[in-house]
Amino acid sequence: MTDDAANVGGHRATDSRAITEGRLSARRIFAQFGTFAIFIVLVLLASTQSDVFLSERNIMNVLRQMSGIGIMAIGMLFVVLTRGIDLSVGSIAALGAVSSALLIQQYPLPVAIGMVVALGAICGAISGFLVAFLRLPAFVITLAMMTAARGFALILSNGQPVMPGADGAPLSAFGTSFTFGFPNPALLMFALFAVAFLVLNYSRFGRIVKAIGSNEEAVRLSGIAVSWHVMAVYVISGALASIAGILVTARSGVGSAQVGVAAELDVIAAVVIGGASLMGGRGGVINTFIGVMILGVIGNIMNLAGVPGYHQQVYLGVIIVAAVVMQHGTSFLRR
Amino acid sequence: MTDDAANVGGHRATDSRAITEGRLSARRIFAQFGTFAIFIVLVLLASTQSDVFLSERNIMNVLRQMSGIGIMAIGMLFVVLTRGIDLSVGSIAALGAVSSALLIQQYPLPVAIGMVVALGAICGAISGFLVAFLRLPAFVITLAMMTAARGFALILSNGQPVMPGADGAPLSAFGTSFTFGFPNPALLMFALFAVAFLVLNYSRFGRIVKAIGSNEEAVRLSGIAVSWHVMAVYVISGALASIAGILVTARSGVGSAQVGVAAELDVIAAVVIGGASLMGGRGGVINTFIGVMILGVIGNIMNLAGVPGYHQQVYLGVIIVAAVVMQHGTSFLRR
Amino acid sequence: MALVELDNITKSFSGIRALSGVNFALQAGEVHALVGENGAGKSTLMRVLGGEMRPDHGTVSINGEPVRLTGPIDAIRRGISIIHQEMALAPDLSVAENIFLGELPARIGWGELRRKARALINRLGFDIPPGALVSELSVAHQQVVEIAKALSREARVIVFDEPTAVLSMGDAQRLLDIIRNLRAEGVGIVYISHRLDEIFAISDRISVLKDGRNVDVVTPDKATVDDLIRMMVGRPLSQMFGEKPPTTIGDVLLKVTDLDLPNGVGGVSFELRKGEVVGLGGLVGSGRSEVARAIFGADPIRLGAIELHGKPFRPRNPKQAVARGVNLVPEDRKGQGIVLDMEIAKNMTMAKTGPVTTLGFFRAARERKVVDGLIQSLRVKLGHPSDPVSSLSGGNQQKIVLAKWFHSGGDVVLLDEPTRGVDVGAKTEIYSLIHRLAAEGKALLIISSEHAELFGLCDRVLVMGEGRLRGELRPDDYSEENLLTLSIGAAAQDRQEALA
Amino acid sequence: QEECRVGIAMYTLGAPYFAAQEATARKTAEEAGCTVRSADGQNDMVKQIGDIEDMVAAGINILIVNPRDAQGLIPAVNSASAQGVHVVAIDSTLDPSADFITQIQSSNQANGELVGAWLADHLEGQPANIALLSGSQGNLVGRDRRLGVLRGLLDAMITDYGSAEVNILGQGWGGWATDGGLTAMEDLLTAHPNINVVLGENDSMVLGARAALQAAGRLDEVVLVAAADGQKEALELIKTGDYGVTGLNNPNEIARKAVEVGLQALNGELPEDMPKLTFTEPAAITQENVDEFYDPESLF
Ligand SMILES: Nc1ncnc2c1ncn2[C@@H]1O[C@H](COP(=O)(O)OP(=O)(O)OP(=O)(O)O)[C@@H](O)[C@H]1O
Ligand SMILES: Nc1ncnc2c1ncn2[C@@H]1O[C@H](COP(=O)(O)OP(=O)(O)OP(=O)(O)O)[C@@H](O)[C@H]1O
Ligand SMILES: [Mg+2]
Ligand SMILES: [Mg+2]
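Residue numbers (the working numbering), protein chains in the order written: chain A, 1 to 335; chain B, 1 to 335; chain C, 1 to 500; chain D, 1 to 300.
Since the hints were made in silico from the structure, they are not lab data.
Just so it is clear, CB atoms sit at the ideal spot from N, CA and C, and this is done for glycine as well.
One or more hints might be untrue.
Unchecked claim - Listed next, the stretches of chain A that the computed footprint assigns to chain B, with coverage defined by at least 3 CB atoms under 8 Å from CB atoms of chain B:
1) 66 to 77
2) 121 to 135
3) 147 to 161
4) 205 to 215
5) 301 to 313
6) 319 to 325
As the list claims (entries may be wrong) - In silico DMTMM-like pairs for lysine to aspartate or glutamate, Cα to Cα no more than 20 Å straight-line:
7) 352/C x 372/C
8) 27/D x 297/D
9) 232/D x 260/D
10) 319/C x 217/A
11) 239/D x 221/D
12) 116/C x 154/C
13) 257/D x 269/D
14) 232/D x 167/B
15) 334/C x 217/B
16) 27/D x 253/D
17) 334/C x 216/B
18) 257/D x 30/D
19) 427/C x 459/C
20) 334/C x 387/C
21) 334/C x 51/A
22) 274/C x 440/C
23) 274/C x 251/C
24) 352/C x 217/A
Stated by the list, open to error - One-sided and incomplete, this derived list gives chain B residues near chain A with beta-carbon spacing under 10 Å:
25) 102
26) 166
27) 309
Chain A with its partners taken away, still in its complex shape (with noise of 0.2 Å):
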């Protein structure tokens, strides 16, 4: 064989990287747009089954209702990216919603916020030493954590809800109010959103939680403090969850300690749903806050169409299985 021949298959070599690039961004472009597609299918199908659904209010109300999920699922968003879980969210939700009850009444109000936010900062540094130096399982030590933060919930409160009094009334008004015609919870979540955006995409700490989870001992090895990281991400998720735990308590008026229960498991679906991998190193911010309007919708729309409680459930088992199997779609299909 000549030496013309192999230069030929030289250039295919480039020509097949081309197309190998093309193949890969589609793929890269349907897992972007399969959660958007389920989302549009969803919507579709929802305002068929009541006319309310698409009403400005209805629009409102689910963004309101998703507030707090959707700020839970910033922080869940980070620890899946570096292959973790906290299952704590809901559990230092409580926490926060308590706190921020009690220590608005002996604070100035952003005093006592940022005390909350560092308290669910601490319950989180607390799972991320653990996690990120001990290297003990993230599932067990935040399990852990949730029963903890719960426990210390219910001490702070004595079990009974905590009202902030006179002292509340700013926290009350800007939750149940609207800017620009939006609740201000949903903006609150649209600004954290978009803060997580540009962390994710165009900061070095962002880049840095997104390739841990892909290849830990390579950044190591890069002279990263690998470490710090992990543990950071789960301080970032404690914080947001005590945010949504304060949110709680400025739309409800009261501080209570059963806020949240089970709340880790819709923000993992949601999250989950968006198309983040529980194996870590992929996910976006984006798709995420889909995932969660995802679950919103489901919820909002069987309660609008009048679906019976017990019955919902099941629903809602088999629409999430929908879901994922459209996210997923093509990967099975290709095989």
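We have chain A already, so just place chains B, C and D with the ligands on it with the hints.
What follows is chains B, C and D with the ligands alone, placed relative to chain A:
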């Protein structure tokens, strides 16, 4: 290079290998022993806190109380070994509890029990199919099954406790009485653990399950039908969860759809405290049993010692962390 | 009649041709080597033979009869076993179970299983406890388990896909002996490797693939190494190791004194000077990687002193090492060197983000400029910098790791097996890069199990054996024999002293 | 007459009591020709707030709410009322400052006093060694119930015997469920050999405790007391003398009444003097009066 030289090199390699293996099996022994050690420490601590703790009666209580969690933990261990997770066990137990109370009124006891176990297995088969064949993420699929199965149990029971009436008498008799001095539910748990031990360590199926979690691709390339094995572990988990549900009906005399709420977390915690890795491949039957007992003892001693409810949760969290720290002790001390 | 014959095999992956009309035949009792650049399609061709992939066109014949392989199990039943490039063992299972994984009996008799496994391993001339977990074995022994697995199936065709990439010279030699024995037993063997000396040592015939096409089939006595390289790369590579540009060797940059590590490696003292390329040779398991990792802060140090630029240096983690200008190209590229599914550009700037970020946020334009510069200067062949690294060939992946440290700009660069699994073309480029780094006044330490590589590149070669530094070779003393004598001989002496 | 669209926002349907309440409310409303939608808050205050918002958006004009939290539901209820929905609270307390028509519930206080008095009578001056079975931590209804019975017990003991010896030997948490009561009782029985009273915050848990006592062979030494509810299975046991007493907390009665008030409000027929709080008649159900309350057809 001479053959001699190569051989000398070979020998050295073998020498250092022997040492390496020695060291590693010491670690392996610690992993085994770590769980035992935690258990022993807990029992010693517990017996200083309450003098009834070591009474036969109390031991039997703990065994009986943990029989449901223990039986579900067997199935969970198999699932976890394949790198999966099954969040639906608690709900399938509820379905088992309700459907056993219902079916027992219409069919002879063995037939009814067979049908209930089959129902659990079918739930498991649905999740298993989606996870194994469509490669969907186990966390979300079994979360969906968790929601759906609970909804189904509620629909079946209409939200009411189902009284099996006189037809339930033999089942109740079984659930509340003793054989050879042990409560029957505990004996059933022992028997199932023994079977699981044999299956995991001495059967082709068990070894393949372990191998799948360790390196799925290697198993596939050995010409083994990986998907069927993965599906099978969910079927087993579903069937065992059903049995756990039947036991609750047998013990309490009513079939309630409220059985096993959040039980999946206890079950997973037990398996992980027993040293299994959620990353698959690692975990054993005996250690899982001890993990179950550790959880049981923690709950029991706090009840006996009269720890107030809210504080129990905080302690539980701390003790779980301590247990996991001990379990994984060596791995981070080495670093 | 050929034992197996692949005729006109074509295989595409969603539109990209990996194989176009490839022919390949294997006789019983023959070692047929398969060579070609990274991505030439060697592994893919063997996957077709192993029933793991169905070809788009073409036929597979066994004993002259065309067959349609339905899957790996079908191929195994027909006597074809593949020892994969990526090890296909379950690390949490024992050696015995791994060997018999595909044909475990429904009820396992452990005694029987272990006995059978031991017999197979002994037949290969090794002594590995069949009850040990595979995760506890060295890579070389894992390789033996793979071979035993193939033997257990009474394979008549065994494919070795780069078996020696992870082996030392000694172990590689033993493997070649095993292969010769198998050949004598009438087994047909396909041997894939990037180490051309091995190819010439063992094969009866050599097939060259390039870009998914046959180039030629030659016999080792009728072709030279240069011929093979020209067929694989498409151009002659006269100067494999290139010419080291004249550099003045300057002051001592790194000084290691009596380094002692918790894992038994100890008594290591040496110096690295500015502009110097120093080799670190020895058998696999002699502790070379451990030394490099310890200096890089990746593993703990027990005793000893390190000086960097004349100042004490005791890194507790890689971050501190990188901050002081010590860089490591790790031995396991995919596991430790790169983040496979992250973009090429992001991998390149990962170790040093300062110049491309403001307040922790990346500046796209600046990053783009840096990345383009690196791509040009290292001549990385890629589609687009925003493709994942996984889209690159092995050699180019390795260049990304080098680019990362190139950008980071440390003075001391430790390279652990920098050309493992890399084809000849890419190898020469990596060698010229190494020369460039030295010319820039950096100090380089190169660990390699390819002795020719050490001799071709290095100003001097340190030799380790059994966790000790045994001595040093100067260019005049460069020979494989000297290296092995230092590495093993000194150790044997140690042993004798201990006995006396 | 305005078309009637009822929304039933239960904070949970996860217990038979609430399931019965929802079913009765639904049946009553449907019989009155209303369209009905209901929601299960799944014990989550935030979800219940959302449920109410959704229902209001879907156009209900009567809301029956069993609130998860007395304070936390105020904004949701106020907003519903502000949009012209007629809100009736049932069962669990909703803060009276909220904007709703009336709260319909049984009086845990009044029931507790009757039950406590019965128990004092039954003990005939012996000390009460009580194993307490509580529902869930931080639940205010449970707290009202146990304190109601204890208050009644103390008061009656002091009145009848001039002294009161009441020992709470331990508190177990049964999650309101039968199997939870069973497990909690097993531990309590082990820790405290001299229990003579089981006091539960609902019937389900006491029924579970009964199974534990039966298994331990100690059924004869202990009297079973529930602060509420009058569950069918408990009533059957009271009838045969195997269960001491329970407080009347009829979910059907409460639900029926609530729908009726809602309809009156919709039709503008609400009495002028409608109080903010309406109690159902309190009663302690014992072997003497059980036949008045036992309805084999009842869901609950
Ligand atoms: N599963 C796959 N999906 C897509 N493309 C693939 C797949 N497997 C191989 N390829 C492509 O086919 C071509 C041939 O790859 P192959 O692994 O056979 O090369 P090779 O000759 O074994 O290279 P190396 O020496 O690096 O092992 C490459 O371009 C590769 O990217
Ligand atoms: N997995 C392991 N567990 C325990 N000890 C190990 C392990 N791998 C290696 N060692 C020990 O570490 C030392 C050095 O091993 P290693 O094979 O990495 O040396 P090396 O000379 O760097 O080889 P390579 O050529 O692969 O870089 C040896 O003493 C060996 O016994
Ligand atoms: Mg290959
Ligand atoms: Mg090494």
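Which earlier hints can't be squared with this structure?
Of the numbered hints, 1, 4, 9, 21, 25 and 26 do not hold.
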